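Chains A and B, in that order, give the protein sequences.
If you read the first sequence in our numbering, its first letter stands for residue 1, the second for the next number, and so on.
If you read the second sequence in our numbering, its first letter stands for residue 190, the second for the next number, and so on.
Treat the hints as calculated values from the structure; they're not laboratory data.
Source: prediction; values computed, not measured.
Backbone N, C-alpha and C define an ideal beta-carbon position, used for all residues, glycine too.
One thing to keep in mind: the hints can contain errors.
Pairs of lysine to any residue residues, derived as SDA-like cross-links and limited to a Cα-Cα distance of at most 20 angstroms, are as follows [as the list claims (entries may be wrong)]: (1) A:Lys159 - B:Lys385; (2) A:Lys159 - B:Glu323; (3) A:Lys154 - A:Glu129; (4) B:Lys385 - B:Glu323; (5) A:Lys154 - B:Lys385; (6) A:Lys154 - B:Arg228; (7) A:Lys159 - B:Met233.
Far from chain A, by Cβ distances over 10 angstroms, these chain B residues were calculated [what the hints assert, rightly or not]: (8) Ala232; (9) Gly337; (10) Gly374; (11) Leu377; (12) Thr381.
Under 10 angstroms between C-beta atoms, here's a sample of chain B residues computed to sit facing chain A [claimed, not checked]: (13) Arg234; (14) Pro242; (15) Ile243; (16) Glu329; (17) Glu333; (18) Arg335; (19) Arg394.
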Amino acid sequence: MGKPTVDPGGASEQERFAALIRQHYQVLYRAAYRLTRSEVDAEDLVQEVCVRAYPRLDEVERLEQPRGWLLRVLYRLFVDLRRRYERKNVRAIDENEEFVSDEPSPPEEAERALDRWRIEDAWRHMNPEQRLLLVLHDVEGYSLAEIQVLTGLKEGTIKSRLHRARVRLGRLLQRGQAVAALIADPRGS
Amino acid sequence: MRCEDAIDSIRTVGAQPGVGLRDALDHAADCADCQAALRALEAMRALRDEPIPIVDDAVIEHAVEYALATSPSQRYRRGFWTGLASGAALAATLAALVVGGWLWDRGVAPVAVPEVRAALNQRSDVTVAVESPEPLANAEVRVELRGGVELAGYAGQRELRWSTNLDRGVNQLTLPVVAIDAGGGQVLVEVTHGQKRRTFVLDVRATVPI
């Protein structure tokens with residue numbers, strides 16, 4: 001038989017859960033957005049984390065750092081649900097962004113847009129494990145030891161996979177640069 | 190020099206001044222992999238500086254609501270409120286089974302129920318059933334204990350509250366009632382959804398083994 005969960009004299013389970021999620025949502029969303037590069041997918045991913053967290057509310061509340069646990073769940077979900085986030089629904093370019101405009105835009109603005117397009121395009125071709133390591137280490141700034149805790153991978157493995165991920169991304173960016181140059185100057189002059 | 194170490198030296202330049210930087214730069218100058226990795230690092234810096242979209246509060250509340258309505262916890266808790274068929278195995282242990290229609294009435298008198306006999310200081314499972322014409326998310330359940338009764342596992346607690354989802358059809362709640370006083374007592378079960386409420390009151394009479 002199930003156990004009625006109640007905090008006598010305190011907040012209900014639902015209220016405690018809501019408070020936990022409200023407290024950590026933005027951090028989870030930021031990580032999810034950086035991984036998925038999509039607002040919709042980021043919301044979807046965080047929602048999955050919430051679904052996983054609720055049944056373990058008591059356990060999570062007892063942790064010194066619930067945020068670490070929630071992030072760990074998020075990262076694992078991102079890799080486990082790779083089909084959902086891999087090479088689809090990735091924001092290739094903002095729909096509102098005037099990549100090609102009738103009006104001339106300042107050169108540096110166009111260059112920034114092009115850079116962003118190249119990064120988005122390259123990112124789309126990275127697998128979830130590679131994205132995860134790059135985001136954790138090179139964007140979020142986690143140490144190898146912290147990533148070990150989050151992913152369960154050995155430090156040496158993380159280091160070599162991280163390097164391979166960087167090399168792959170760098171090559172994809174280079175390819176994107178070549179394509180962009182071709183678009184800008186089809187005759188190669 | 191290994192590529193990983195060269196990139197680390199270049200990446201952390203400033204943090205670890207002079208640590209093999211010259212060797213690292215020499216290595217990277219002739220290494221296509223390292224040049225690609227450095228290009229990636231530059232892109233990652235751009236991502237790091239990129240603003241993150243602001244999430245509306247409504248999105249957060251929706252995530253919470255969704256989790257409450259669909260997480261495995263709700264299925265687990267339906268062990269408390271289970272479909273009648275799946276509860277058949279419990280039948281042998283039931284001291285009482287009270288079925289109440291979900292009338293969506295407001296402030297009506299509690300459902301009349303038969304008296305429950307429970308051996309003093311021994312657990313007796315008592316089941317209350319409520320029929321719902323539709324699935325209901327987040328119905329509130331309140332159990333109040335009056336007089337000489339307790340719930341096994343909740344010694345000293347006179348009231349418990351929680352939320353649960355009700356399935357369409359018959360849902361049942363099994364309570365592990367313990368009569369702790371020869372005078373017996375009452376168990377009140379109240380199920381609320383919005384402004385609609387259903388209340389059951391069980392009279393528990395303690396029986397003393399001869």
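Hints versus structure:
{"no.": "1", "hint": "A:Lys159 - B:Lys385", "verdict": "violated, 59 angstroms"}
{"no.": "2", "hint": "A:Lys159 - B:Glu323", "verdict": "violated, 54 angstroms"}
{"no.": "3", "hint": "A:Lys154 - A:Glu129", "verdict": "holds, 14 angstroms"}
{"no.": "4", "hint": "B:Lys385 - B:Glu323", "verdict": "holds, 14 angstroms"}
{"no.": "5", "hint": "A:Lys154 - B:Lys385", "verdict": "violated, 56 angstroms"}
{"no.": "6", "hint": "A:Lys154 - B:Arg228", "verdict": "violated, 26 angstroms"}
{"no.": "7", "hint": "A:Lys159 - B:Met233", "verdict": "holds, 16 angstroms"}
{"no.": "8", "hint": "Ala232", "verdict": "violated, 5 angstroms"}
{"no.": "9", "hint": "Gly337", "verdict": "holds, 20 angstroms"}
{"no.": "10", "hint": "Gly374", "verdict": "holds, 18 angstroms"}
{"no.": "11", "hint": "Leu377", "verdict": "holds, 14 angstroms"}
{"no.": "12", "hint": "Thr381", "verdict": "holds, 13 angstroms"}
{"no.": "13", "hint": "Arg234", "verdict": "holds, 8 angstroms"}
{"no.": "14", "hint": "Pro242", "verdict": "holds, 5 angstroms"}
{"no.": "15", "hint": "Ile243", "verdict": "holds, 9 angstroms"}
{"no.": "16", "hint": "Glu329", "verdict": "holds, 9 angstroms"}
{"no.": "17", "hint": "Glu333", "verdict": "violated, 12 angstroms"}
{"no.": "18", "hint": "Arg335", "verdict": "violated, 17 angstroms"}
{"no.": "19", "hint": "Arg394", "verdict": "violated, 23 angstroms"}
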